[in-house]
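*Asks:* Letter by letter, the chains look like this.
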Amino acid sequence: MTLTERIQLFFGKSGSGSKDAAKNRLLLVLQDDRLGLTGEKKEALRKDILAAIRKHLDIDAEGFTMEFMSSATDQKEMRVTAPVQLGRGAVNLSK
Amino acid sequence: MSGRAIVVTSGKGGVGKTTATANIGLSLASRDQKVVLIDGDIGLRNLDLILGVENRVVYNIVDVVSGRCQPRQALVKDKRISSLFLIPASQIDQKEAINADQMRDLSTQLKEEFDFVLIDCPAGIEQGFRNAVAAADEAIVVTTPDVSPVRDADRVIGLLQSSLGEPQLIINRMSMAMVKRGDMLDQQDVLDILAIRLLGIVPEDEAVVIAGNKGAPVVLNGGSPSGDAYGRIARRILGEDVPIPELNGHSSFAKRLGQFIFGR
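Chains P and H supply the protein sequences, listed in that same order.
The numbering used here numbers the first residue of the first sequence as 1 and each following residue consecutively.
The numbering used here numbers the first residue of the second sequence as 96 and each following residue consecutively.
I should point out that these hints are in silico values taken from the structure, not numbers from a laboratory.
Glycine is no exception: its CB is placed at the ideal position from the N, C-alpha and C atoms.
Treat the hints with care, as some may be off.
If you want the footprint, here are the derived chain H segments under chain P, 3+ residues with CB under 8 Å [as the list claims (entries may be wrong)]:
hint	segment
1	232-238
2	241-247
3	283-293
With the rest of the complex left out, here is chain H:
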């Protein structure tokens, strides 16, 4: 078996890479895929916390590549979905503790056993980014509809195009209310600017904060707008043709008439 290694990256920090990695991983695993998540952010470990498995971390990725343990020993198994595993980052090492060749080798090894290897990339475009990209065959770029993340996403897309080819885009934290008011870039604006394929749009959702608090990502609790969006993204990754709901904020005349008359 040779799985797909996908890096989730953004350039800018704080746009939701780790949340996206956790939710896409869980969604894929709940669809009978064997998935391993790699936390590539050495020194700033967080994916274990978002997944809620922080108490069960024994070894980490630096232990694996330096030969202090077997990859199998470092895998933290998710108790909710049995086909999901995590290789945590080290919290005490520096980014330079691992090089690109080691990451590539690890990913090649894991692809033998897993359908998906998802790599949560650190922010920035330095060594940690290069390592994460070296381990991947495909890339997902996450941005929010704000000026600095979009600018940084463009830079990252340029860097990825020279190595992995065209990445796919997730626009995170879209606020429909702000798009409707004309105070937030809509999906078409972002696509006009970045000119890459859209993988999905995740609406702004309080459930993500609550999920983070509990260590139980949104896809585990059905019915949240963001969880549903991640579910659709996972299905698209698996090759299903799932339409992207039109969230561009241009409401129809009939809808506006309704709002005018009924006030909602």
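Excised from the complex, chain P in its bound form:
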């Protein structure tokens, strides 16, 4: 074992730690599998949410994305994040 490896082992760090990537990717894909959340359903949901927000707020429809995240601690919890860009009109108004 080289000194570098010994130092890495001492600090509990070595290798690339790729298992975190494996775990996060699995949690995401399994959430979709379990819910039967297909790409098509996600797209339909995205469009509905976008339309709902636009009824009340002037937001930019271009590039409106939604991200579905499972919680690492609670399998019954899902987080949906959808950052919105305010539309030109709304930005001008607030000035």
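For chain P, the structure is supplied; the task is to place chain H on it using the hints.
*Replies:* This is chain H only, laid out in the frame that chain P set:
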């Protein structure tokens, strides 16, 4: 007598179902249990080869359910442990040669005479899987700590929960070195994801390959890490409270200090 029928399944192929079935069967039989193994993988027969009894196969499961022979005639007796028997798969028939009702009937019949009926399930979730599950009262899911087997295991667990209830999990081919490096999912990671009860962990072990070469499963030769793991699994199946060795790779400060100083 009514024995326990247990299906060993995984979804993904190549994770060690057949090896697990052979070793658990031998372990149970060496603990005074009368055990019959059923190779459920029709068309891709392998359990006879792993057990090393391939030269003594006369009849197979398709012969039994189609009435070409009595179940007794198809039983291949293990020469090493006299309470272990195998009903081989057919190598030439299709999966559709048997249906779920026939498998269930066969299993019911065998449970009269045996303490354990272990069914080695084919990979996939099609007819062969449905047949194997129909014959069982309990299920063991085998996975390796890799992304695709874990995903497939989750799918299989979902399917089993609607028929047999909660299966138990074996994590196979765990490499301690890779877990320590943070490059392999550890037992807690896999349990966080699959959320079922852990039956055992089998370490990655070259002895399994050698055992396959020889047709002499690892539990027959004491002292291999994988053989010991299968022995503990068999004892847990028999209801013994055998602790699962902590193999999560988080080494203690003292151990790391030792590694730092002595380089091992």
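*Asks:* Take the hints in turn and mark each one as holding or not.
*Replies:* How the hints compare with the structure:
1. Residues of the segment 232-238 of chain H with a Cβ under 8 Å from some Cβ of chain P number 0, which does not satisfy the need for three, so the listed coverage is violated.
2. Coverage of the segment 241-247 of chain H by chain P holds in this model, with 4 residues showing a Cβ closer than 8 Å to a Cβ of that chain against a need of three.
3. Taking a C-beta to C-beta cut-off of 8 Å, the segment 283-293 of chain H contributes 4 residues in contact with chain P, enough for the three needed, and the coverage statement holds.
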